[in-house]
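Asks: Residue numbers (our numbering), protein chains in the order written: chain A, 1 to 448; chain B, 1 to 448; chain C, 1 to 448.
One or more hints might be untrue.
Below, computed lysine to aspartate or glutamate pairings styled on EDC-like, alpha-carbon distance capped at 16 Å [to be verified]:
(1) A:K270 / B:D402
(2) A:K270 / B:D438
(3) C:K270 / A:E172
(4) B:K180 / B:D402
(5) B:K270 / C:D409
(6) C:K270 / A:D409
(7) B:K270 / C:D160
Sample of chain B residues with no beta-carbon within 12 Å of chain A, all distances over it, derived [said to hold, decoys possible]:
(8) W107
(9) L113
(10) P143
(11) S145
(12) T162
(13) K180
(14) W211
(15) S214
(16) R239
(17) T365
(18) T366
(19) E370
(20) D402
(21) L414
(22) E415
(23) L433
Worth flagging that the hints you see were computed from the coordinates, not collected in a lab.
Only a predicted model underlies this, so the values are computations on that prediction, with no experimental measurement involved.
Ideal Cβ placement from N, Cα and C applies to all residues, glycine included.
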Amino acid sequence: MTSMSGGETSQAGDVGAEMHRWVSDLFPICRSLTGDGVRETLAYLGRLIPSLTVHEVPTGTSAFDWTVPDEWNIRGAYIEDEHGRRIVDFALSNLHVVGYSTPVDEWMTLAELQPHLHSLPDQPDAIPYVTSYYARRWGFCLPHSRREKLPDVRYHVVIDSTLEPGSLTYGEVLIPGSEKNEVLLSTYICHPSLANNELSGPAVTTALARWIASLPQRRLSYRIVFVPETIGAIVYISRHLDELKSRIVAGYVVTCVGDDRAYSLLRSRKGNTLADRAAKLVLRRHAPDHVEYSYLDRGSDERQYCSPGVDLPVASIMRTRYNSYPEYHPSLDDLTLVTPSGLQGAFDVVRKTIVLIEQNRTYRTTTLCEPQLGRRGLYPTLSTRGAGFALRTMTSLIAYADGTRDLVDMAELLEIGPEEAIETATRLEAAGLLEAVDDANFGAIRPR
Amino acid sequence: MTSMSGGETSQAGDVGAEMHRWVSDLFPICRSLTGDGVRETLAYLGRLIPSLTVHEVPTGTSAFDWTVPDEWNIRGAYIEDEHGRRIVDFALSNLHVVGYSTPVDEWMTLAELQPHLHSLPDQPDAIPYVTSYYARRWGFCLPHSRREKLPDVRYHVVIDSTLEPGSLTYGEVLIPGSEKNEVLLSTYICHPSLANNELSGPAVTTALARWIASLPQRRLSYRIVFVPETIGAIVYISRHLDELKSRIVAGYVVTCVGDDRAYSLLRSRKGNTLADRAAKLVLRRHAPDHVEYSYLDRGSDERQYCSPGVDLPVASIMRTRYNSYPEYHPSLDDLTLVTPSGLQGAFDVVRKTIVLIEQNRTYRTTTLCEPQLGRRGLYPTLSTRGAGFALRTMTSLIAYADGTRDLVDMAELLEIGPEEAIETATRLEAAGLLEAVDDANFGAIRPR
Amino acid sequence: MTSMSGGETSQAGDVGAEMHRWVSDLFPICRSLTGDGVRETLAYLGRLIPSLTVHEVPTGTSAFDWTVPDEWNIRGAYIEDEHGRRIVDFALSNLHVVGYSTPVDEWMTLAELQPHLHSLPDQPDAIPYVTSYYARRWGFCLPHSRREKLPDVRYHVVIDSTLEPGSLTYGEVLIPGSEKNEVLLSTYICHPSLANNELSGPAVTTALARWIASLPQRRLSYRIVFVPETIGAIVYISRHLDELKSRIVAGYVVTCVGDDRAYSLLRSRKGNTLADRAAKLVLRRHAPDHVEYSYLDRGSDERQYCSPGVDLPVASIMRTRYNSYPEYHPSLDDLTLVTPSGLQGAFDVVRKTIVLIEQNRTYRTTTLCEPQLGRRGLYPTLSTRGAGFALRTMTSLIAYADGTRDLVDMAELLEIGPEEAIETATRLEAAGLLEAVDDANFGAIRPR
């Protein structure tokens with residue numbers, strides 16, 4: 001798979017700035033579970049990934065325990081005081097309106113307005129992010145400092161929205177490889193102007209899709225989805241369950257991948273799938289101080305992919321995890337929090353993990369007893385003190401290659417990095433000393 | 001099983017003082033492996049538990065490697081000096097006579113008497129507890145301080161006992177539930193005037209039997225036995241082996257449950273049966289500083305229940321473990337060592353453990369992907385920051401309910417207490433979101 | 001198996017001095033992979049072990065990935081300066097010539113000679129040990145201090161060696177027991193004048209072979225091989241693969257067993273075979289501070305015995321491990337490093353391990369519930385405080401004898417030493433309370 005490694009420098013070198021530009025372009029769009037904001041976002045991404053297909057799922061469609069809700073669109077919204085002064089204006093920030101607010105055009109007292117207002121006493125200058133997808137209500141979000149100064153007058157409250165039958169929109173990219181087995185990347189596109197959660201996710205995922213598509217060859221196939229969180233993932237799974245279950249060998253939810261403060265791995269429910277092990281091996285080298293979370297700390301679409309009966313091997317790779325940084329979910333999660341280097345770091349980790357999964361095979365030696373490395377030019381011909389202990393990685397890969405451990409496990413056992421493991425295994429396979437014994441179904445082993 | 005929870009306050013509130021009264025009433029009776037002391041004890045308990053049945057097993061009956069011994073009864077015993085002064089008198093403490101002493105009526109020198117005397121140099125004011133069930137001898141126990149002052153005169157030694165064919169007596173309470181699966185409680189009734197080891201055991205077990213029988217409904221059936229230690233348990237097992245093996249899902253030896261100093265769990269041989277796991281979960285909440293012993297530290301009838309080939313899931317719940325407190329086995333183990341609160345605490349732990357086992361099921365979700373909690377009133381309809389992390393127990397029970405873990409395991413994984421686990425699972429099952437997939441055979445799982 | 005235990009004192013008492021004498025006798029011989037030095041060594045050992053058979057395998061014979069090389073013999077070698085002064089002389093130390101050096105008889109400048117010289121700057125007074133088995137070259141080894149003083153003159157370089165078709169020579173001892181199952185001992189005989197690595201190995205192995213052969217009876221059979229390292233082991237395995245795989249229940253590579261500084265266990269690849277567990281149990285008592293190495297630290301013929309597809313349960317017992325002591329491989333590894341007590345200690349550990357393996361059975365109780373020890377004279381008939389906790393080893397062996405653990409595992413669980421485990425199990429088996437349920441295939445268990 002030299003093609004993948006070769007691709008590293010040329011394609012992947014400096015994609016951080018480019019990703020940050022995409023985040024900036026997409027930032028103003030008012031995304032929600034459904035609606036034109038999602039379509040506009042997917043149209044932008046489709047210009048970057050020509051093979052992206054967009055799917056519309058009509059309101060009312062069943063998906064397991066759920067039903068696709070009405071489509072929400074909004075053109076504008078404001079609160080004006082008696083003098084026509086705008087206290088709150090959707091045009092300035094789409095976070096000002098509670099997601100899925102029903103239309104309203106009324107005059108009311110401050111006391112009547114208050115139950116419809118949301119603010120954060122602890123972060124008095126931030127606009128909170130609030131939604132009400134499944135109960136019809138309307139509301140406004142504003143800085144607590146501003147809310148506290150509202151005079152006790154009458155207000156004109158306008159939300160020019162529609163909430164009516166339409167469809168839920170998602171995007172999908174399928175990139176074929178030599179095998180039908182697939183790697184899944186899943187990210188979401190349902191948050192309005194929030195940079196790290198969520199736009200960092202679609203940006204890094206888009207860069208990964210472009211890099212994968214650019215490779216001259218791939219062993220595995222790739223399934224990359226841009227879905228509204230929760231309902232979108234559920235709809236997607238309900239339409240593709242059998243395919244997903246039979247094909248996905250590892251998958252990642254890509255979210256909160258834009259800041260510079262940490263790297264995080266959130267384990268799948270089973271905790272030790274290929275997705276977990278491969279990401280762990282890469283992170284141990286790339287970011288030895290990364291944070292590890294168990295599935296008890298789950299919070300995004302892995303909740304669906306790993307749910308009982310779906311049982312996909314899906315983990316989450318993040319920089320700082322959602323809900324673990326102070327800017328999470330109010331308006332503070334903006335374009336300053338997400339950086340080119342933050343995005344680049346996340347891109348690199350997922351990319352290296354994919355390279356590792358592409359190369360991950362279960363190996364067995366082709367000879368009984370140790371092979372004679374010397375006559376293959378793999379061993380010093382002169383035995384001096386120490387020579388028996390050199391070339392340790394090569395001889396250890398051979399010593400343990402009994403067809404029970406894949407390369408990721410071997411690297412973990414030998415305490416070597418993914419690159420060293422791949423390079424050594426490739427060299428030994430080329431020399432005819434190791435053979436891969438896992439078949440296309442990943443894990444089934446041919447008997448000796 | 002609201003009936004069981006509901007029963008907690010009304011029935012179980014203040015049984016400590018009552019149990020202590022029973023211990024006091026039973027204290028003077030001279031119990032042994034066999035004989036009228038055992039019958040008298042069971043008669044007393046039978047007045048408290050009307051469904052108690054008493055069984056007589058004739059001397060000579062085989063039970064695996066053992067044979068029921070002759071029955072022992074004693075009417076009186078003393079040592080008098082030449083002046084007719086009673087040095088030792090059975091009437092003052094039944095510990096003064098070695099259990100199963102053969103009859104004697106002789107004059108002898110102090111030197112001849114000495115080999116028949118037992119005392120404790122380390123606890124010079126205590127009467128030791130000594131028995132000789134399987135070798136015919138006679139002897140007296142007395143405080144070491146008194147023994148040392150015995151003048152070198154002749155003594156009249158009298159034991160008015162009989163040791164002849166009769167029977168071994170035990171009691172049994174069977175309380176049926178909806179299922180044939182059973183919980184076993186086993187305690188012993190073969191020690192004379194010793195309060196913690198043993199009367200605390202029968203007292204707490206009696207209170208538990210009364211509480212269980214009072215419940216309006218039970219899922220499981222209960223088998224509660226009052227047997228002479230070792231030989232009684234072996235006889236009982238030999239008569240009920242197949243039943244026990246096919247029905248017992250968890251059991252406890254109830255012993256040394258009367259003091260106030262500690263809580264202890266002695267694990268079954270296998271160490272991780274339902275009996276072990278359920279008691280552990282309860283103790284972790286009820287007495288976080290409880291002491292845990294492995295089966296290597298065994299010492300009572302779990303030795304029979306867990307023996308190879310019998311293999312029952314039986315652990316021991318105790319306050320301070322036998323052999324671990326200074327009053328163990330001499331006369332210091334009296335009515336001051338056992339307290340109402342000590343008994344009450346043990347009663348509460350076993351009761352809570354039984355409630356947990358009653359409710360313990362292996363759950364599976366009824367939907368693929370997460371269910372929509374909102375439309376069932378189980379989830380806030382307004383999504384604000386933090387809402388995704390609330391209701392953690394409910395969503396985690398769902399997230400892990402894949403039909404491989406029972407509720408006890410789930411609670412351990414989620415680090416929640418038994419009450420929270422039961423309440424949440426009950427609520428989710430009522431909402432149709434979880435279904436129990438273990439059948440009446442406990443552990444067999446229906447395929448999805 | 002009292003014969004084995006009985007043999008301990010008489011036969012095995014003071015073999016340390018004897019072993020040291022053998023090492024001294026064998027020290028001057030110039031051994032290599034092949035050649036007359038190996039034959040001379042085996043002839044010496046054959047006088048100590050009459051049943052030793054010597055095998056010759058012709059040059060060119062295939063063995064898995066390897067081919068038996070040409071045979072090497074050497075009669076003399078030196079470097080002389082222009083004045084006929086011998087700078088280096090094989091007659092003084094056979095380490096002076098690179099093993100498998102091709103013949104040479106030439107005059108050359110110091111500059112021309114230098115690429116053929118080997119020395120150790122860090123150990124300037126030591127002669128290094130260097131071989132070149134599979135690439136044809138010649139060379140000399142000398143102290144670095146001497147090399148640095150060589151004047152820039154012309155030198156006469158002579159190696160009177162032959163490297164031509166012949167054979168590889170190894171020795172084999174087969175000692176039959178009641179069962180076909182075998183214990184393997186493997187040591188190597190291919191190093192010239194090096195005392196700890198390697199002559200300690202053949203010496204201790206010879207003493208073990210003599211002790212085993214002297215036993216009046218053995219349950220297991222013994223296969224003891226003296227082979228050139230690597231190629232010899234590979235040749236041996238290639239000729240006996242099926243036999244080895246079907247018969248070996250435990251094996252040890254015996255190497256570096258002559259110094260006084262440490263005890264070491266290098267685990268087999270699988271890490272928890274009988275070979276590992278038994279040696280561990282013995283070492284825990286005999287040398288609680290022994291060093292343990294994983295198979296990652298392997299370095300001798302366990303590399304072949306444990307290789308994938310060969311999969312034998314072979315560990316290594318050592319004093320200080322190869323490559324872990326400063327004298328390893330240069331001329332410093334001489335007769336002062338190896339001591340009678342060092343050899344004796346290693347002999348004792350392997351001997352005790354063999355005794356343990358001979359006695360290692362998987363036991364099951366013959367009765368349900370506890371047996372009545374008292375009527376068999378195994379238990380005090382008088383029950384006093386503490387008696388229930390005495391005889392702990394006996395009752396615990398019974399308590400855990402459920403047919404799932406062998407004696408080594410039981411001893412580990414009970415934290416007792418091998419002697420106590422053997423003695424107790426033997427006593428209980430004699431009393432008919434335990435029965436061995438493993439059959440001759442080691443590990444297959446008869447159903448109850």
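Asks: Decide, hint by hint, whether the structure agrees.
Replies: Hints, verified against the model:
no.	hint	result
1	A:K270 / B:D402	holds, 11 Å
2	A:K270 / B:D438	violated, 21 Å
3	C:K270 / A:E172	violated, 45 Å
4	B:K180 / B:D402	violated, 26 Å
5	B:K270 / C:D409	holds, 15 Å
6	C:K270 / A:D409	holds, 15 Å
7	B:K270 / C:D160	violated, 70 Å
8	W107	holds, 78 Å
9	L113	holds, 69 Å
10	P143	holds, 59 Å
11	S145	holds, 61 Å
12	T162	holds, 66 Å
13	K180	holds, 29 Å
14	W211	holds, 35 Å
15	S214	holds, 38 Å
16	R239	holds, 44 Å
17	T365	violated, 5 Å
18	T366	violated, 9 Å
19	E370	violated, 6 Å
20	D402	violated, 4 Å
21	L414	violated, 7 Å
22	E415	violated, 9 Å
23	L433	violated, 9 Å
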